[in-house]
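> Given next are the chains, with one letter for each unit.
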Amino acid sequence: MSPLTRLVTRIKQSKPVTFIVRIDHKISDWLEHFVRSHSVISKFFVFFKEITNFVGIPLILIILFLNLPLQRAVKLSVLWILILLFIEYVVKNVIKRKRPYHIDGKWAGTEKIKSFSFPSSHAYVAGFLTTIWLLLHLPAAYFFVPIFLLLPISRVALNYHFFVDVITGFVLGVLVAVLGIMLI
Amino acid sequence: MSKKIKIQLTIDPELCIACGVCHALVPEAYTYDEKTDKYTPTPEYKQGVFVSPKQLEQIKETIDSCPVGAIKLKILETAEDEPSNAPGNQD
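Residue numbers (this note's numbering), protein chains in the order written: chain X, 1 to 184; chain V, 1001 to 1091.
Mixed in with the good hints there might be a few duds.
Unchecked claim - Selected chain X positions facing chain V (in silico; Cβ < 10 Å):
#	residue
1	Thr5
2	Val17
3	Val21
Stated by the list, open to error - Distance condition first, Cα-Cα at most 25 Å in a straight line; then the derived BS3-like pairs of lysine-lysine:
#	chain 1	residue 1	chain 2	residue 2
4	V	Lys1060	X	Lys15
5	X	Lys12	X	Lys96
6	V	Lys1038	V	Lys1074
7	X	Lys12	V	Lys1046
8	X	Lys15	V	Lys1038
9	V	Lys1072	X	Lys92
10	V	Lys1072	X	Lys12
These are computed hints drawn from the structure, not numbers from a lab.
This one's a predicted model, so the numbers in the text were calculated from it and none came from an experiment.
Built from N, CA and C at the ideal position, the CB exists for glycine as well.
Please build the complete structure, drawing on both the sequences and the hints.
In structure tokens:
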């Protein structure tokens, strides 16, 4: 067992983490169950997922390049894409938290749990978009910001992430956006 | 002739949150105990069982996947030949 794996296991076994995981599973299970038992809401989230999957990254690039000087837009794009890649290829593979595939609180199969869950890249994009939209005073915030906020909820509702995954991803997105705007 | 490894599994009942990811990944190695509302290794995996390297990798995946790090693996011995008394050997 590598020192890094040992460290991750120790953190996983610590009391605060086991407490958070326990609560996290309960919240995620409740939300998944609620959405699954209301077919209209379930269908809406599936439709929402299909649209947002193709819109997030191009939307960020368009916003940055339309609203900032070219050099600043390029630097900011590089920053948030690097953090996104870091989340996808480093953090997820270190923590190795499996994606949920819960039906009534129990893992119902292994199909979706082949990839890793913590933290949520979609929520990271949502946090970044929300912050950029508000900090740059972009138009129609009352329309777009609620859509960005729905994105993390849809990831839990559709069983792609646990609640803590999306909270962490969203906060990361907010931090990167604030730091990026302040420093670049 | 295939390499076999004798392993033993334990789950810390204090840590287990009964999420079931271990059982979902390797159903033959873990079972749900309704009395305690926890997962435990099946009796043969608790006592010690010969597994193939591929099965060992699957077991290691359950250890990595346990969100609270409750599963412990002990490697007892390795053998080149398939032992005649190999409970749970499903290759």
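> Please go over all the hints and tell whether each is borne out by the structure.
Here is how each hint holds up against the structure:
1. Thr5: Result: holds, 8 Å to nearest chain V Cβ.
2. Val17: holds (7 Å)
3. Val21: holds (5 Å)
4. V/Lys1060 with X/Lys15: At roughly 23 Å apart (the allowed maximum being 25 Å), X/Lys15 and V/Lys1060 satisfy the hint.
5. X/Lys12 with X/Lys96: Within the cut-off at roughly 11 Å; holds.
6. V/Lys1038 with V/Lys1074: Holds, at about 20 Å.
7. X/Lys12 with V/Lys1046: Satisfied, since the Cα-Cα distance of roughly 23 Å is no more than 25 Å.
8. X/Lys15 with V/Lys1038: holds (17 Å)
9. V/Lys1072 with X/Lys92: OK: V/Lys1072 and X/Lys92 at ~22 Å, within 25 Å.
10. V/Lys1072 with X/Lys12: The given pair, whose Cα atoms are some 13 Å apart, holds under the 25 Å limit.
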